[in-house]
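Enquirer: In case you want the letters, here they are:
Protein chains: 2
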Amino acid sequence: MSSNPSAPIQLGIVGVGKIVRDQHLPSIAANADYNLIATASRNGTVDGIQSFTTIDEMIATVPAMNAVSLCMPPQYRYEAAYKALTAGKHVFLEKPPGATLSEVHDLEALAKAKGVSLFASWHSRYAPGVEAAKDFLAATTTKNMHVIWKEDVRHWHPNQDWIWQAGGLGVFDPGINALSIVTHILPRAIFLTGATLEFPENRDAPIAADLHFKDATGVPVHAEFDWRQTGKQSWDIIVETEAGTMRLADGGAKLFVDEELKLAEPEAEYPSLYRRFAEIVKAGTSDVDLAPLRHVADAFMLGKRKFVEAFHD
Amino acid sequence: MSSNPSAPIQLGIVGVGKIVRDQHLPSIAANADYNLIATASRNGTVDGIQSFTTIDEMIATVPAMNAVSLCMPPQYRYEAAYKALTAGKHVFLEKPPGATLSEVHDLEALAKAKGVSLFASWHSRYAPGVEAAKDFLAATTTKNMHVIWKEDVRHWHPNQDWIWQAGGLGVFDPGINALSIVTHILPRAIFLTGATLEFPENRDAPIAADLHFKDATGVPVHAEFDWRQTGKQSWDIIVETEAGTMRLADGGAKLFVDEELKLAEPEAEYPSLYRRFAEIVKAGTSDVDLAPLRHVADAFMLGKRKFVEAFHD
Chain A
0 MSSNPSAPIQ LGIVGVGKIV RDQHLPSIAA NADYNLIATA SRNGTVDGIQ
50 SFTTIDEMIA TVPAMNAVSL CMPPQYRYEA AYKALTAGKH VFLEKPPGAT
100 LSEVHDLEAL AKAKGVSLFA SWHSRYAPGV EAAKDFLAAT TTKNMHVIWK
150 EDVRHWHPNQ DWIWQAGGLG VFDPGINALS IVTHILPRAI FLTGATLEFP
200 ENRDAPIAAD LHFKDATGVP VHAEFDWRQT GKQSWDIIVE TEAGTMRLAD
250 GGAKLFVDEE LKLAEPEAEY PSLYRRFAEI VKAGTSDVDL APLRHVADAF
300 MLGKRKFVEA FHD
Chain B
0 MSSNPSAPIQ LGIVGVGKIV RDQHLPSIAA NADYNLIATA SRNGTVDGIQ
50 SFTTIDEMIA TVPAMNAVSL CMPPQYRYEA AYKALTAGKH VFLEKPPGAT
100 LSEVHDLEAL AKAKGVSLFA SWHSRYAPGV EAAKDFLAAT TTKNMHVIWK
150 EDVRHWHPNQ DWIWQAGGLG VFDPGINALS IVTHILPRAI FLTGATLEFP
200 ENRDAPIAAD LHFKDATGVP VHAEFDWRQT GKQSWDIIVE TEAGTMRLAD
250 GGAKLFVDEE LKLAEPEAEY PSLYRRFAEI VKAGTSDVDL APLRHVADAF
300 MLGKRKFVEA FHD
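Protein chains in written order, with numbering that gives the first Met the number 0: chain A, 0 to 312; chain B, 0 to 312.
I should point out that these hints are in silico values taken from the structure, not numbers from a laboratory. Some hints could be false.
For chains that are exact copies, the list does not tell them apart, and a pair is met inside one copy or across any two.
Unchecked claim - 30 angstroms max Cα-Cα, derived DSSO-like pairs, lysine-lysine:
(1) Lys113 x Lys142
(2) Lys111 x Lys142
(3) Lys94 x Lys213
(4) Lys213 x Lys113
(5) Lys94 x Lys17
(6) Lys133 x Lys94
(7) Lys133 x Lys82
(8) Lys142 x Lys82
(9) Lys82 x Lys303
(10) Lys17 x Lys149
(11) Lys82 x Lys213
(12) Lys82 x Lys94
(13) Lys113 x Lys133
(14) Lys303 x Lys213
(15) Lys149 x Lys303
(16) Lys111 x Lys213
(17) Lys82 x Lys113
(18) Lys253 x Lys231
(19) Lys303 x Lys17
(20) Lys261 x Lys142
(21) Lys303 x Lys94
(22) Lys305 x Lys149
(23) Lys94 x Lys305
(24) Lys231 x Lys303
In isolation and in its complexed conformation, chain A is listed as follows (with noise of 0.2 angstroms):
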């Protein structure tokens, strides 16, 4: 799709769910770069854009249209992606990028052969003391990490039912942020060592997951997820280092070395995304890193399944 690179990218949202009201809509409506015309779903709608109920419709009746974000859950993305980039939009993913891993690739394919842009947004990376993070990481000997990912599942996905159906991810839906974040701090490559998952009897997607990871030159990296935290909630990541114990606390948002804090800004990832998308839609690129869903999947292939007892909403 040739374009005026300056001119504002001409956007639909497919999925209005509560992702896209919080964070989408807010993003979008702050950044000159983008003009929203029109939306795609099955309920929702926003007020004053055209709406649709089908991706089809919208590409059909809207030509002007040459970016889409797909924020339906990850079980039914590849199809409206692939009619997207077919049609020579660019496209935003939300996380994680699709329900398996085979699609992602073959998507990559497919937009690279249909000259637009694809990009697998981690919003997680763009939590405001991950670069510093990383640098910090960079500039000293990592002994040990520990990921500690502890919510409750029912005051964050409420009858979300699509969560725990098989490919929703279970408690990996918020620990695949952590691994976003790890994946990107870290200077080397981790693999999955040896894996526990449990799964509630009544669920196809797990509950909780222990996670044992190495780097190439056996450093361990140990990830607790568990969706069954009452009271105080953890979000943290602590690194044992030469240069001190540095601790990525509150989901990425602040930094401490030996408990001094380091950093503190207020979130802004969901803008940070969009900046990065119009940025590779100007540049002709993609930016699709398939790291953390791909160690997702390498903990249920390697991982053992215990099942532990049923989970009502």
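Following the hints, complete the assembly by docking chain B onto the known chain A.
Expert: Chain B only, in chain A's frame:
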């Protein structure tokens, strides 16, 4: 590692077990491109060949060795491959190439950085009928594919505990052979849309799997893997096409169209693998297609789990 490209490859083998004795040794002996000069294995040795118990000793003691074949269970392959590539050796990986996708990704990057060849081998792709099947499908339109891979694990994998452990893949150990053929002969990529994996209640790996895929145009592929098959064994791929029904039988050895035999040749998979490895070493390239393992990981991630009766050898 610079060496005379016309000189024979000085090969070491790690993990001397059944597959090495049955397949690797005869193929290497019959190929003038190789000199087998060392083995490393906890228990096995090869008559007349210098033997070690660890790859570290073998690498340190036999500097003339410029390539290794890694034939131990996949859970132990990464560490050996990392050491061999780091030491500048070309690496042949038995299938599956690793216990995780992430580790093979990293090995691929390491091989490139070290300027040596990495071969993720898929022996079933070299079955006699596979290329003819690919040509047949390229010249017609596929309506649907049915993959039936049903064998008796007690006969083919007696008392192989590693195959039942987490990371051993269970029925996907033979099933990945089918997927390596399917992904090679189909003209378009496929993606998993749903799966059921049956785990014996006393094992960490599945004994059966039922997989549904489709390609971007909606062509369905149904795969059934089962390790509980007594009597007649099945390794068949049946494809309905506009040019008739193609059946690739006996693991790729025979090709039928509308039940008329079109091709049946003696099996020579491992000799072909070793020809291919010599070819990429001479060309200075790697051959790492992770599509079969990616589909397996996708099946574990997307699949529903079902517990079935305990399995005892």
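Enquirer: As a check of your reading, is Lys113 near Lys142 (CA-CA no more than 30 angstroms) within one copy, between copies, both or neither?
Expert: between (44 angstroms within a copy, 26 angstroms between copies)
Enquirer: Tell me, please, which holds for Lys305 and Lys149 at an alpha-carbon limit of 30 angstroms: within, between, both or neither?
Expert: both (18 angstroms within a copy, 27 angstroms between copies)
Enquirer: Can you give me the call for Lys94 and Lys305, within, between, both or neither, at a CA distance of at most 30 angstroms?
Expert: Result: close both inside a copy and across copies, 26 angstroms intra and 28 angstroms inter.
Enquirer: How would you classify Lys213 and Lys113 at a CA-CA limit of 30 angstroms: within, between, both, or neither?
Expert: Answer is between; shortest inter-copy Cα gap is 21 angstroms, intra-copy 38 angstroms.
Enquirer: 30 angstroms Cα cut-off: does Lys253 pair with Lys231 within a copy, between copies, both or neither?
Expert: Result: close within a single copy only, 16 angstroms intra versus 62 angstroms inter.
Enquirer: What label fits Lys94 with Lys17 when the C-alpha limit is 30 angstroms: within, between, both, or neither?
Expert: within (14 angstroms within a copy, 44 angstroms between copies)
Enquirer: Treating 30 angstroms as the Cα threshold, decide for Lys149 and Lys303: within, between, both or neither.
Expert: both (20 angstroms within a copy, 24 angstroms between copies)
Enquirer: State whether the alpha carbon distance between Lys111 and Lys142 is at most 30 angstroms within one copy, between copies, both, or neither.
Expert: between (40 angstroms within a copy, 27 angstroms between copies)
Enquirer: Under a CA distance limit of 30 angstroms, which applies to Lys303 and Lys213: within one copy, between copies, both, or neither?
Expert: This pair counts as both: shortest intra-copy Cα distance 18 angstroms, inter-copy 28 angstroms.
Enquirer: 30 angstroms Cα cut-off: does Lys113 pair with Lys133 within a copy, between copies, both or neither?
Expert: between (34 angstroms within a copy, 26 angstroms between copies)
Enquirer: Given identical chains, is Lys303 near Lys94, meaning Cα to Cα at most 30 angstroms, within a copy, between copies, both, or neither?
Expert: both (25 angstroms within a copy, 21 angstroms between copies)
Enquirer: Indicate which option fits the pair Lys94, Lys213 if close means a Cα-Cα distance not exceeding 30 angstroms: within, between, both or neither.
Expert: both (24 angstroms within a copy, 22 angstroms between copies)
Violated hints for the displayed structure: none, as all numbered hints are satisfied.
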